[in-house]
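Peer 1: Chain by chain, the residues run as shown.
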Amino acid sequence: MDIRIDLPGLHLKNPIMPASGCFGFGKEFAQFYDLSDLGAVIIKAATGEKRFGNPTPRVAETSSGMLNAIGLQNPGVDSIIEIEIPFMKGYDVPIIANVAGSTVEEYVQVAEKISDHVDAIELNISCPNVKEGGVQFGTDSSLAEEVTRLVKEVSSVQVYVKLSPNVTDIVAMAKAVEAGGADGLSMVNTLTGMRIDPATRKPIIANGTGGLSGPAIKPVAIRMIHQVYQAVDLPIIGMGGIETTDDIIEYLLAGASAVAVGSANFKNPLICKELIDELPDALEKYGFSSLEEAIGGAHDEKTPSSLFRT
Amino acid sequence: MDIRIDLPGLHLKNPIMPASGCFGFGKEFAQFYDLSDLGAVIIKAATGEKRFGNPTPRVAETSSGMLNAIGLQNPGVDSIIEIEIPFMKGYDVPIIANVAGSTVEEYVQVAEKISDHVDAIELNISCPNVKEGGVQFGTDSSLAEEVTRLVKEVSSVQVYVKLSPNVTDIVAMAKAVEAGGADGLSMVNTLTGMRIDPATRKPIIANGTGGLSGPAIKPVAIRMIHQVYQAVDLPIIGMGGIETTDDIIEYLLAGASAVAVGSANFKNPLICKELIDELPDALEKYGFSSLEEAIGGAHDEKTPSSLFRT
Amino acid sequence: MKVIEHKSIARDTYQLILKGDLIEEVDEPGKFVHIQINPEFFLRRPVSIADVDFHEQTLTLLYKVMGKGTDALTEKRVGDQLDVLGPGGRGFPVASLESKHALIIGGGIGVPPLYYLAKNLVERGIKVTSVLGFRSEADVFYEDEFRELGEVTVVTNDGSYGEKGLVTDVLPNLEPTIDTYFSCGPGVMLKAVTEHLPHLPGYISMEERMGCGIGACFACVVPTPDMDEKGYRRICCDGPVFKAEEVVL
Amino acid sequence: MKVIEHKSIARDTYQLILKGDLIEEVDEPGKFVHIQINPEFFLRRPVSIADVDFHEQTLTLLYKVMGKGTDALTEKRVGDQLDVLGPGGRGFPVASLESKHALIIGGGIGVPPLYYLAKNLVERGIKVTSVLGFRSEADVFYEDEFRELGEVTVVTNDGSYGEKGLVTDVLPNLEPTIDTYFSCGPGVMLKAVTEHLPHLPGYISMEERMGCGIGACFACVVPTPDMDEKGYRRICCDGPVFKAEEVVL
Ligand SMILES: Cc1cc2nc3c(=O)[nH]c(=O)nc-3n(C[C@H](O)[C@H](O)[C@H](O)COP(=O)(O)OP(=O)(O)OC[C@H]3O[C@@H](n4cnc5c(N)ncnc54)[C@H](O)[C@@H]3O)c2cc1C
Ligand SMILES: Cc1cc2nc3c(=O)[nH]c(=O)nc-3n(C[C@H](O)[C@H](O)[C@H](O)COP(=O)(O)OP(=O)(O)OC[C@H]3O[C@@H](n4cnc5c(N)ncnc54)[C@H](O)[C@@H]3O)c2cc1C
Ligand SMILES: Cc1cc2nc3c(=O)[nH]c(=O)nc-3n(C[C@H](O)[C@H](O)[C@H](O)COP(=O)(O)O)c2cc1C
Ligand SMILES: Cc1cc2nc3c(=O)[nH]c(=O)nc-3n(C[C@H](O)[C@H](O)[C@H](O)COP(=O)(O)O)c2cc1C
Ligand code: FES
Ligand code: FES
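Chains as they are written, first to last, in my numbering: chain A, 586 to 895; chain B, 586 to 895; chain C, 123 to 371; chain D, 123 to 371.
Do not rely on the hints blindly, as some may be mistaken.
Here are a few chain A residues that sit away from chain D, every Cβ distance over 10 Å (derived from the structure) [as the list claims (entries may be wrong)]: (1) Thr641; (2) Pro642; (3) Arg734; (4) Lys737; (5) Thr753; (6) Val756; (7) Ala764; (8) Ile789; (9) Ala816; (10) Asp862.
Derived, one-sided and incomplete: chain D residues facing chain A with beta-carbon distance under 8 Å [claimed, not checked]: (11) Phe163; (12) Arg166; (13) Arg331.
No lab work stands behind these hints: they were computed from the structure.
For clarity, every value in this text was computed on a predicted model and none was experimentally measured.
All C-beta atoms in this analysis are idealised placements derived from N, C-alpha and C, irrespective of residue type, glycine included.
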């Protein structure tokens, strides 16, 4: 089965890509498989200047998931353009730059610089792990709209806005960034969480809170994509806890046109490659004749499911 | 170790109680152990009239959790007062009534009727599984404040308001119900989620969305309690994914004064009893000399934890 | 409970024999156990009791791989312990039956509870005629076991074995002495069966996704006809066996 | 990899021998493997390679039960398969060392990687003196194995075995011929050790909670002194072994 898919500004060989922050700038995974096999690569967040990020511990395990508070550690946008992106360009794969910042100006500056070197931008207005910027842009719809509009103005490539699930009304956020001119959505970033160690009596993560990822959050992500798909007319890159082709099909049915795999790369560095290889058969097994048939498929029939045994 | 704890209007033998909707009206669990051993019992939601609830399937399994959309099925407040509460009164255990409704009037009516027959009210402004009422009271702070105030006016017992985690700003919600006169908080209800079956292409739960409970949501609940404990001066009953005494201690450290165990009762009907028996030793193991020492303990020291190996 | 025997008996279908005191409480056919397959699964899986051997202290489960949980169950080896809750629910009221000739209609993995039922009926001197429906030849199981208890008609959807069609296709050919029927299978089948046999008293065993499995969570309700005061039944504790007219299919 | 041997060697401490081709890539001591203990755990657990037998195609891990993951690891039986990624990281640069007499300082469960290091050093004709610190007598392991490679001082915090105190308490007594030190243990111990031996070149092996274990997620960073351009090192791929002055403890 043909699993190519076109999204605004992106021609994907397949709908599967690694999620930002879970794949660095590709180098480490290039030891495991050919990055050209991927649908795209979403690289680690870029900020205006180099950032060291948060103190350690930065990760903690949770039930069916993990918390992280890396704090946007990255070498800064100039260094990414000079050193990291050229490495990625050695592969035949679209590059999506994850753009972050503490101020609107920083977002705009980073987007302007990096957009000439990549195929699309993922505007990260949803990072819960930095004290300034990040998540507040993702939880206030007028801020979200504004930063989207300003980044769109300067970007030479299409802009996908990455939404935070830590909101009361995800549809309002999606509509705001649509109004701001977003070309697509990326859903979702991590849910803010905390773990406390009974022995030390303190949060395990030095930052206190961290972002929850993994299968634990999948039902929330699926619900939000299902809601947003009905309300806005933008393509969605779905993510949150993807580990199997069944998970991918669930995201497609909810309304995602492509998916990103995040923390599962830590369990199995080959996961993206394996899922790409398995997806056509998986779609066929469930009777899909094309990838498009799956996208938004849960919205086609309205009757509730019921149990049959045979 | 003495694990008794006093909360407004409640003298608890221990800080452990079953969560609303996961324990019916106690009858089924009375076959497994003596309900008088419990800290309290939070009974199933009561509404003004009998409700059948949602179509089935009403539950779906998720990674480290489950979705439910029971839809507040209950025999109605009068029948609960006549038939269910008298059964519970046969035990020496405080009864907390979970009060739900579609309108402010219904909340007030139910609270007024039931408060004379129970030891406290848990005001459920956070049920995500009914089309009307429920969650919107829990996501709009002025509605939350209003319904709290009106229920407080008619209730003859203390009112704990059960908060929804499906909000951008949990602290604002907590402050709103504090302003409305709440005597305590119950945190948290379920996160709204969805699962889609790749075979049927439709949501597994007939209602579409359901409430996510279980260990998957624990990091979110812990984070919210940690935030709210710092911001408001109300005792908190913590819940979400509790399965072990370590989980309970984590909730206490975050700021809960007591805890409720929900869906874990389905895995192991003896869980509450077992946790009550194990808690004193567990607290001692971690060097606590009293239950009080654990409550809010994560807020006492501000230095980040770090790893030591011995 | 301890795994005593575990083998495949048909396509994706397994027979699992478990030992433990829980069996003492199996007082009628049609009850189920609630299985914690392993810690990876948040919910237990309900499986009907297909047979009981009080002498050996064992019970038999027959299950089909339908998803991840039942798939993981196949990995249990003889000697392993399995976390089993039960027996749950109300079964077939064999003790109070007024029947001389019972018709048993099973569909696919709905067949298991009917086997222990049939054994009980025969023990009580009730004649048993069975109709067992399966998708295809490879899915057929327990035909011989049922044949020891009475006459059996096997029906397969594709005609690869026995009669071709649905269980309801052979109902018109059955003996007129039949005075009660018992059925378990897919919802659509139960509906068709009750509609075909409106003149006979019937008992059906239902299934639904469960939370607690003991009556506390209201996950497993089925609506009742309008005149019923309560308006619902819980499959896990009021059922899984109901009188055909007691619930709305 | 396949479990070949698994036994307790001290309080809560186990020796696990695994077989598989992964060992071909263990080119220096100090590397680690990243273990998926079972599907219940979302993250892998890093464990140092304590020994390698290229002939038998096995590697030895020594681990202590510190939480749920290591506790679950104890349940693996001989013959079981274990999902192991690695070998990861950069180890001790034995090939390029200019040393005649090495001091090894291990604390608790930091001892394991130092054993394979010590074997390598001795093979290269370097004299090895070891100081091994443990909490108490019951925690001591691999003393004899180290003694075969050179002089060993065991220190216990409570004095129940060997010298009483901390590893740093015995450092002043050591021979002056020592020209390099190698240390692994708790962060506080590493800090104390480097402060005690500022005049000697030293290598330390560090640990931190990991996400990916391969350098992609930046969970495991440690800051570097101010003059360093990059500002950080990743323990999983730039380390776990660093020159003592390369990182800020
Ligand atoms: C009273 C009762 C008796 C049963 N007896 C038998 C039996 O004897 N043999 C047999 O093979 N099967 C029986 N079933 C069906 C069996 O419970 C399901 O096939 C099984 O739960 C599927 O689990 P899974 O993990 O493989 O599937 P998944 O689809 O992965 O399961 C996901 C969730 O849905 C639930 N679920 C899925 N299908 C069903 C279903 N048909 N009924 C109830 N819950 C379901 C699961 O329990 C689980 O919680 C019975 C069900 C009930 C309610
Ligand atoms: C490079 C390296 C080499 C190591 N070598 C050994 C060894 O040879 N023998 C040994 O016994 N231990 C070793 N450790 C420590 C070992 O990884 C932890 O003790 C183990 O991960 C604890 O897991 P747990 O599930 O039992 O504890 P939990 O506290 O339940 O683990 C929760 C999470 O925290 C992580 N974590 C907890 N403690 C540590 C720690 N000290 N270091 C890193 N992650 C941690 C776990 O990996 C897991 O993700 C090493 C650690 C590192 C980084
Ligand atoms: C260690 C780690 C680092 C991350 N860093 C970023 C980041 O820099 N920018 C971003 O937009 N999302 C970041 N994320 C979020 C992921 O891209 C993804 O949205 C989230 O983890 C959910 O997907 P998953 O459950 O598959 O991991 C990070 C996630 C993890 C686990
Ligand atoms: C089946 C089910 C029914 C529930 N019904 C109610 C309810 O009626 N009222 C309410 O306030 N919360 C209800 N809850 C939410 C629980 O009380 C609890 O807040 C939530 O499940 C989180 O706890 P847990 O993870 O321990 O289950 C229900 C939860 C479940 C799983
Ligand atoms: S499964 Fe809980 S009431 Fe039936
Ligand atoms: S653990 Fe991911 S970079 Fe080291």
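Peer 1: So is Thr641(A) really clear of chain D, every C-beta pair being over 10 Å apart?
Peer 2: violated (5 Å)
Peer 1: Taking the closest pair, is the beta carbon of Thr753(A) still more than 10 Å from chain D?
Peer 2: holds (28 Å)
Peer 1: Taking the closest pair, is the beta carbon of Val756(A) still more than 10 Å from chain D?
Peer 2: Holds: least Cβ distance 30 Å, greater than 10 Å.
Peer 1: Does the claim that Ala764(A) lies off the interface hold, with its Cβ farther than 10 Å from every Cβ of chain D?
Peer 2: Non-interface label on Ala764(A) holds, nearest chain D Cβ at 34 Å vs cutoff 10 Å.
Peer 1: Just double-check Arg734(A) for me: nearest Cβ-Cβ distance to chain D has to come out over 10 Å.
Peer 2: At about 31 Å from chain D, Arg734(A) clears the 10 Å cut-off, so the statement holds.
Peer 1: Is the nearest Cβ of chain D still more than 10 Å from the Cβ of Pro642(A)?
Peer 2: At about 4 Å from chain D, Pro642(A) fails to clear the 10 Å cut-off, so the statement is violated.
Peer 1: Is the Cβ of Asp862(A) more than 10 Å away from each Cβ in chain D?
Peer 2: holds (19 Å)
Peer 1: For Ala816(A), which was marked as not at the interface, is the minimum beta-carbon distance to chain D over 10 Å?
Peer 2: holds (32 Å)
Peer 1: Quick check on the hint: Arg331(D) CB to chain A CB, less than 8 Å?
Peer 2: holds (4 Å)
Peer 1: Would you check whether Phe163(D) satisfies its interface hint, that is, whether its CB is within less than 8 Å of any CB in chain A?
Peer 2: holds (7 Å)
Peer 1: For Ile789(A), which was marked as not at the interface, is the minimum beta-carbon distance to chain D over 10 Å?
Peer 2: Non-interface label fails for Ile789(A): nearest chain D Cβ at 8 Å, not farther than 10 Å.
Peer 1: Next item in the hint list is Arg166(D). Is there a CB on chain A closer than 8 Å to its CB?
Peer 2: With Cβ-Cβ at 7 Å, under 8 Å, it holds.
Hints 1, 2 and 8, counting from the list given before, are not met by this structure.
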